[in-house]
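A.B. asks: The primary structure of each chain is shown beneath.
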Amino acid sequence: MIAELDALQTEALAAIPTASDETSLEALRVQYLGKKGSVTLLGAGMKDVPPDQKKAVGAKLNEVRTAMTDAIVARQLQLQAEKDAKAIEGIDVTLPGRNYGGVGTLHPLTQVRDLAIRTLRRMGFILADGPEIETEWHCFDALNTPPEHPARNEKDTFYLHDGRLLRTHTSSVQIRTMEIAKTLPIRIIAPGAAYRRDEIDATHLSVFNQLEGLYVAENVSLAELKGTLVAFFREIFGAGTAVRFRPHFFPFTEPSLEIDVKLEAKGKDARWIEIAGCGMVDPAVFSEICAKRGDKLFDPEKVTGFAFGMGLERLAMILHGISDIRHLIENDVRFLSQF
Amino acid sequence: MQVSLNWLSTHIDLSGYTTAQLSDLLTFAGVEVEGIEERGVSSDKVVVAQIKEFVQHPNADRLSVCQVDDGSGSLRQIVCGAKNFQAGDKVPLALPGASLPGGFEINEGKLRGVDSRGMMCSGKELGIGDDHGGLLILDASLVPGTPFSQVMPGDVLFDLEITPNRPDLLSHLGLARELAALTGLPLKGERDYTRSVASVRQAEPDEVTISDTDLCSLYCARVIRGIRVGPSPDWLRQRLESIGMRSINNIVDITNYVLMEMGQPLHAFDLSKLTGGVQVRRAAAGETIKALDEADYSLEAGDLVIADASSALAIAGVMGGLESSVTDTTTDILLEAAHFSPPAIRKTSRRLGLISDSSYRFERGVDAAQTLGAADLAVRLILEVAGGQEDGGARFAGSVHLERREVKLDTQRALRLLGMPDLTPDEMSAVLTKLGLEATDDSTFRIPTYRGDLVRSVDLVEEISRVIGLDRVPECVTAVAVPSDAADRAYDLSMHLRQALAHRGFNEAQTLRLISQAQVADGLTTTDAMPVKSPLSEDHAFLRPSIVPGLISTAAHNIRHSQNRLRFFELGRVFIKLPNGQVREDERMGLLLSGPVSSPSWHGKDPAIADVFDLKGIIESLPGVNGSVTELKRLKDEGNFMLKCEWRAGNRVIGWIGQLHPRRAREIDARNAVFVAELSLSALRQGTSIAKFEELPKFPSVSRDVAMEVAADLPHSKVTSFFAGIKEPLLISTKIFDVFSDPTGTRMPKDRKSLAYSLTYRAPDKTLETADVDAVHQRVLSSLEKALPVVIRR
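Chains Z and H supply the protein sequences, listed in that same order. Just so you know, our numbering puts the end of the first sequence at 339, numbered straight through with nothing missing. Just so you know, our numbering puts the end of the second sequence at 794, numbered straight through with nothing missing.
To be clear, the hints were calculated from the coordinates, so they are not data collected in a lab. Each hint should be verified, as a subset may be incorrect.
[Said to hold, decoys possible] Derived lysine to any residue pairs resembling SDA-like cross-links, with alpha carbons at most 20 Å apart:
1) K262/Z - Q21/H
2) K302/Z - K408/H
3) K718/H - F740/H
4) K124/H - P101/H
5) K533/H - A151/Z
6) K753/H - A707/H
7) K124/H - S42/H
8) K273/H - A291/H
9) K735/H - V776/H
10) K616/H - E646/H
11) K262/Z - E235/Z
12) K633/H - C645/H
13) K408/H - D299/Z
14) K55/Z - L5/Z
15) K605/H - P96/Z
16) K83/H - S122/H
17) K182/Z - D485/H
18) K408/H - S429/H
19) K347/H - D141/Z
20) K533/H - L160/Z
21) K182/Z - A486/H
22) K533/H - R152/Z
23) K60/Z - L5/Z
24) K533/H - N153/Z
25) K533/H - D156/Z
26) K302/Z - V480/H
27) K577/H - R164/Z
28) K533/H - I200/Z
29) K155/Z - K347/H
30) K155/Z - Y360/H
31) K302/Z - P421/H
32) K347/H - D156/Z
33) K577/H - D162/Z
34) K36/Z - Q9/Z
Looking at chain Z on its own, in the form it has when it is part of the complex (with noise of 0.2 Å):
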């Protein structure tokens, strides 16, 4: 019995480890183990066994089920592995990725806005809104601008037949602002639309948006501006970025000044490239702004402020090097995808 378990030992682990899949494999398991398998059926011999080779036969009738069952299991994870392996096979890796909907994108100039919100807001700075068609007064007057001011005319400024207006500029917010606010400070940023009867060109839309900010509370200085709007560009065109402030003019603030950033145009020396115009809110704002609440909360003798503006169209041409402004209302999505 002995030598009959040793041949099919020897028979088995031969034949095992050459089965060629799972189904052969299980077929050799039943052959020998299985319930009428060869081995089964030499163990059920063992009763005919004499007493005194039945430890040893036993033993060998162990050795013989645990060496098969070994080579049994051996050889399947060797056939799973080599199935995992086949799972895999062949895949070129190179070739591009699913795309689930495609990759959309924000318009370059929802980023630019949003780096300058972001940015602005870290400084304290809240956001306000105001209408797009405006009152003369909330565009014009209450910012010190006379009734016969050049900009004030139906060449240069879109009327409604009702007198109202599309504001020529984001400052009306200002005004919206400091006409219903409850407390000082006011510390906001506007993002808005502005109109102008500007022809579309290269460098002009009649449509573009502007980017406000207002400060007002006691004590505002001019240092402060200047700070605020250096640590602002650096945080846009980096941290060593010249920032240069020029003495300009504009009715709504005194001093007036304008903002150049150093910046190098691909290929290019650096050149100072105008960005922003800014200053001190002119006392006539704020005596406009008490006139018309009734109260005293602008006194130009007790606060002062500073306010600011840019053109967010001319932000995203010079930080992504947008050479045509009407790129930006065409919406050619090879346009922009770059973004």
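Got chain Z sorted already, so can you dock chain H onto it with the hints?
C.D. replies: This is chain H only, laid out in the frame that chain Z set:
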């Protein structure tokens, strides 16, 4: 404004400054330098030379080999490509080492094998004209070797942007005054024209009358007889031409010269064309005048004119009339120097669309104190240049009395406003004094008449900051905690929506808020739009009532560029016309979807083409919609849309969705159905809230499916409302998983359809037994059959 450095240098010695330094000086004082043009040469290496003889170049047809006298005593050989000269001509010669405008260096060398020791120049090469036709032929009397800079001095032209608050800088004298203040340099000579008036007398009523002194405070007239009108002398012509003005004749040139010298507009009338004295009066309505530009202008009652007894001679302060203008045959003139009110001139100039150097200055404000002095200067020059004799002296109507304003500087407030506590009152006072202000006490300053912009303390503070330099103002950053507001929350939601849509493959568009009448018809929500009064063109005549028109244009543009997979959105403002004529501004989000739901790929399967449920599903997943119970309600199909629905959350309308009518879609060459939607951002804001945690279920749920046959027109929403309303606490949720209908009628009648739902049951406190579930499911089904006309397939 064009400003000549040579002209400025007659008032102030700027030789210590380079062009770049002057440019910076002006820039940081608030005068923007928009351009700098260097003209001519200052180098001694460009000299007058005489061409003695020339022969054809042996190796080049187009070149000549010239022997020229450069004044050194020996002849110099120059190879030249120009043809416009003869032997004996005198021309400018750039010697080796000379540097020409544009940085061009002259070297000795060979041209096609022949030595050439310098270059003879054209006017353009020397930066004094555009003529590149050939060599600049000079006056025959010039001596060879004379530096060219002595013949035609070099000049630098600054193109300056003068801000509207500084009309005093609109002249060379004014700029020189400003530069003197900025540099501390003295002004040259006695150029205070305000003091140089000879004798002046009140005009007789038959000489000058002013009817409207509110519009004209002063009118000075000078009469000169026996003049000879002719070409201007070289110095005068060159002065004017250097700043780009055309020389006309000696009289007109002198008035223009004084304008550019002092900023005072003048006008000369041909005295023989005048009937009686000069009248300054408002125009009669309908009065017309042919101006110097030979155009006829129709005047209104508000316009100010200079007239004689019979008719208007000039549009005051704007432009003279053709009829009374100085011509070659004029012998007697009346010279006008006047002061007009800025708003009146501005109004007339704007209305007529007529802007002249004169109106430009009058509307900004001309220094009334120099009116008489300017006339004096002009008369002096006319007598010198055109001869003649003054008759009757200076006479004026109106007032020559001018008071100088006093302004008090609040030094403490000034320091706080600037954020410069270390600035001393002395330093501030010194700056203001440099600018021509006179301190009458510690803090009160008398303002020069030419500085109409200095009225308040803060105006003086600006001057101080400007002159000490903004660089000296420190930079300090403060942050203040200000509570956020509704605009902040609105912005945050708008950015969430944008990012969510970009993640779903949408491109954000940005379209103009001004659209055409044709585009208004593409409005999904309304086709009634507010017109602007004076549109630039028909393309931009209405304020958009909906975002969708812009998105349809965007789709059309991209279809033209071979895109058929279209996914666009835009957030922005729309303008809703209300029944009462008012307009409500509303923040909206528009979406457009058309074509394959994903881009085609190498996997081989053609992606599905988007239908309305793709757009609906995308919107349902967005913040503000996701988590709210919403439903679509069909509206009447009209205009450019069909399948149009209102999107409702309870009683609130949060938006609209629909399909662009195929007729309209074909117009933009859309290959697939185009779906659009528009949502109100304020409505979406109401759909956002902070989520509240709900305990996770402790026991498993069990699902049962039900399929039912119903009438084809029974909406899914009827079934879901039934499930939502049923009082079976164990029924947790339902979900539709199949809709089947057969348009051929073979597998199901055409007017029937099959709906299949999966119902989920769960108990909060135990694992449900099969029998429990079966019982409740049967109850649900039988009440469904009772409530709705459905046939449940069992």
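A.B. asks: Each of the hints needs a verdict: does it hold here or not?
C.D. replies: For each hint, the structure was consulted:
no. : hint            : verdict
1   : K262/Z - Q21/H  : holds (18 Å)
2   : K302/Z - K408/H : holds (17 Å)
3   : K718/H - F740/H : holds (17 Å)
4   : K124/H - P101/H : holds (9 Å)
5   : K533/H - A151/Z : holds (16 Å)
6   : K753/H - A707/H : holds (10 Å)
7   : K124/H - S42/H  : holds (15 Å)
8   : K273/H - A291/H : holds (15 Å)
9   : K735/H - V776/H : holds (17 Å)
10  : K616/H - E646/H : holds (12 Å)
11  : K262/Z - E235/Z : holds (14 Å)
12  : K633/H - C645/H : holds (5 Å)
13  : K408/H - D299/Z : holds (19 Å)
14  : K55/Z - L5/Z    : holds (14 Å)
15  : K605/H - P96/Z  : holds (15 Å)
16  : K83/H - S122/H  : holds (11 Å)
17  : K182/Z - D485/H : holds (13 Å)
18  : K408/H - S429/H : holds (11 Å)
19  : K347/H - D141/Z : holds (18 Å)
20  : K533/H - L160/Z : holds (5 Å)
21  : K182/Z - A486/H : holds (15 Å)
22  : K533/H - R152/Z : holds (14 Å)
23  : K60/Z - L5/Z    : holds (7 Å)
24  : K533/H - N153/Z : holds (12 Å)
25  : K533/H - D156/Z : holds (12 Å)
26  : K302/Z - V480/H : holds (19 Å)
27  : K577/H - R164/Z : holds (14 Å)
28  : K533/H - I200/Z : holds (18 Å)
29  : K155/Z - K347/H : holds (13 Å)
30  : K155/Z - Y360/H : holds (17 Å)
31  : K302/Z - P421/H : holds (18 Å)
32  : K347/H - D156/Z : holds (15 Å)
33  : K577/H - D162/Z : holds (13 Å)
34  : K36/Z - Q9/Z    : holds (16 Å)
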